[in-house]
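Colleague: Here the protein sequences line up with chains C and X, keeping their order.
Numbered according to the numbering used here, the first sequence spans residues 1 to 146.
Numbered according to the numbering used here, the second sequence spans residues 1 to 146.
Errors might be hidden in some of the hints.
No more than 30 Å apart at the CA atoms, straight line, and that leaves these computed lysine-lysine pairs for DSBU-like [claimed, not checked]:
#1 C:Lys5 to C:Lys35
#2 C:Lys5 to X:Lys5
#3 C:Lys37 to X:Lys35
#4 X:Lys5 to X:Lys35
#5 C:Lys35 to X:Lys5
#6 C:Lys58 to X:Lys5
#7 X:Lys35 to C:Lys58
#8 X:Lys35 to C:Lys35
#9 C:Lys35 to X:Lys58
#10 X:Lys58 to X:Lys35
#11 C:Lys58 to X:Lys58
#12 C:Lys35 to C:Lys58
No lab work stands behind these hints: they were computed from the structure.
Keep in mind that this is a model prediction, so the values were computed, not measured.
2 protein chains.
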Amino acid sequence: MNDVKLTSTLAFRLGTLGAVMTERFSARLAAHGLKPKHAGLLVVLESGTATSQLDIAKLMNVAPSLVVSLADRLEELGAVRRERDPVDRRRQTLALTREGRELLATCAAAAAELDAELTDELGPGETEALRSVLGTLARRHGLPAD
Amino acid sequence: MNDVKLTSTLAFRLGTLGAVMTERFSARLAAHGLKPKHAGLLVVLESGTATSQLDIAKLMNVAPSLVVSLADRLEELGAVRRERDPVDRRRQTLALTREGRELLATCAAAAAELDAELTDELGPGETEALRSVLGTLARRHGLPAD
DNA sequence: TCCTAATCGTTCAGTTCCTGAATTATATGG
DNA sequence: CCATATAATTCAGGAACTGAACGATTAGGA
C-alpha cells in the first residue's frame with residue numbers, strides 16, 4: 001500500500017491554492033464588472049489564437065453557449081466588438097477594442113498585486129523558481145503562455 | 001501604466017493549473033463516488049483539527065449546511081461515523097472509520113498519480129523546487145499542510 | 001442547379017454546487 | 001426558569017455551466 005499524504009501532493013496543493021487565487025482574483029475583478037472567465041476570454045483574444053466564438057470555446061474548454069454570454073457582457077462593456085465574418089457569415093468575429101485592451105491591463109495589474117501578496121514572505125529565489133516551473137507547466141499542458 | 005502580462009502572472013497560472021488539477025482529481029474520485037470536497041473533509045478529519053461540523057465548516061471555508069451533505073454522503077459510504085457529543089448534545093462529532101482511512105489513502109494514491117502525470121517532463125530539481133515552494137505557500141496561507 | 005448535410009451562433013431549459021434563512025434541539029447565563 | 005445563544009438540519013434559491021433544439025448560412029454531391 002502506497003503511503004502518500006494527500007495534503008502534501010502537488011495536485012491537492014495546486015487545486016487548493018488555485019481556488020484561493022481565483023477567488024481573490026474574482027473579488028478584485030468584481031469592481032470592474034468582470035468574472036475570471038471574462039479575463040480568460042480577453043486573454044484569448046489578445047493572443048490572436050482564435051477569433052470565432054467556436055474556436056474560442058474549444059480553446060477555453062467551455063461550451064459555445066457560454067462564450068455567447070461572456071461575449072455579450074464584454075460587448076456591453078465596450079471591450080469587444082462583434083463582427084460577422086464577411087467570408088463566412090455564420091461566424092462571429094470578436095475583436096478587442098481599445099477599452100478591451102485597457103481592461104485586460106487592469107486585470108493584469110490586479111493579478112500582479114495578488115502575486116506580490118502571495119510571495120510576500122518568499123525569498124526572491126523561491127519566487128523565481130515558482131514562476132519558472134509554472135511557466136514550464138503551462139507550456140507543457142497547453143495553457144495560455146506568453 | 002504597469003505592463004504585466006496576465007498570463008505570466010502567478011495568480012493566473014495557479015488558478016488555471018489548479019482548475020485543471022482539481023478537474024482531473026474529480027474525474028478519478030468519481031469512480032469511488034466522491035467529489036474533491038469529500039476528500040477535503042476526510043483530510044480535515046484525519047488531521048484532527050476539527051470534529052464538530054461547525055468547526056469543520058469554518059476550517060473548510062464553507063457553509064455549515066454543505067458539511068451536512070458532505071457528511072451524509074461519507075456516512076452513506078461508511079467512511080465516517082456520526083456521534084452526538086455526550087458533553088454537548090448539540091454537536092455532531094464526525095469520526096473517520098477504517099473504511100474512511102482507506103478511502104483517504106485511495107484519494108492520496110490518485111493524487112500521486114496525477115503528480116506523476118504533471119511532472120512527467122520536469123527535471124527532478126524542478127519538481128522538488130515546486131513541491132517545496134507549494135509547501136511553504138500552503139503553510140503561510142493557512143492551507144492544510146502535513 | 002437543387003437538395004441534403006454540416007456548421008456557427010444563439011436561446012433556453014435543466015444540472016450542479018453552493019449559500020442563507022428558517023427550524024428544531026440543546027445549552028447557558030442572568 | 002426564561003431569554004438568548006449555538007449546533008445541526010432542511011429547504012428554497014442563486015450562480016455558473018452544459019446540452020439539446022433552432023435559425024441562419026455554407027458546402028458538397030447528384
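Colleague: Compare the structure with each hint and give your call.
Modeller: Tested hints:
1. C:Lys5 to C:Lys35: Not OK: lysine 5 (chain C) and lysine 35 (chain C) at ~34 Å, beyond 30 Å, violated.
2. C:Lys5 to X:Lys5: Violated, at roughly 35 Å.
3. C:Lys37 to X:Lys35: The hint holds at about 23 Å.
4. X:Lys5 to X:Lys35: violated (34 Å)
5. C:Lys35 to X:Lys5: Cα-Cα ~18 Å, so holds.
6. C:Lys58 to X:Lys5: holds (22 Å)
7. X:Lys35 to C:Lys58: Judged against 30 Å, a Cα distance of about 25 Å means the pair holds.
8. X:Lys35 to C:Lys35: This hinted pair holds, its Cα atoms lying about 24 Å apart.
9. C:Lys35 to X:Lys58: Satisfied, since the Cα-Cα distance of roughly 25 Å is no more than 30 Å.
10. X:Lys58 to X:Lys35: holds (19 Å)
11. C:Lys58 to X:Lys58: Outside the cut-off at roughly 37 Å; violated.
12. C:Lys35 to C:Lys58: holds (19 Å)
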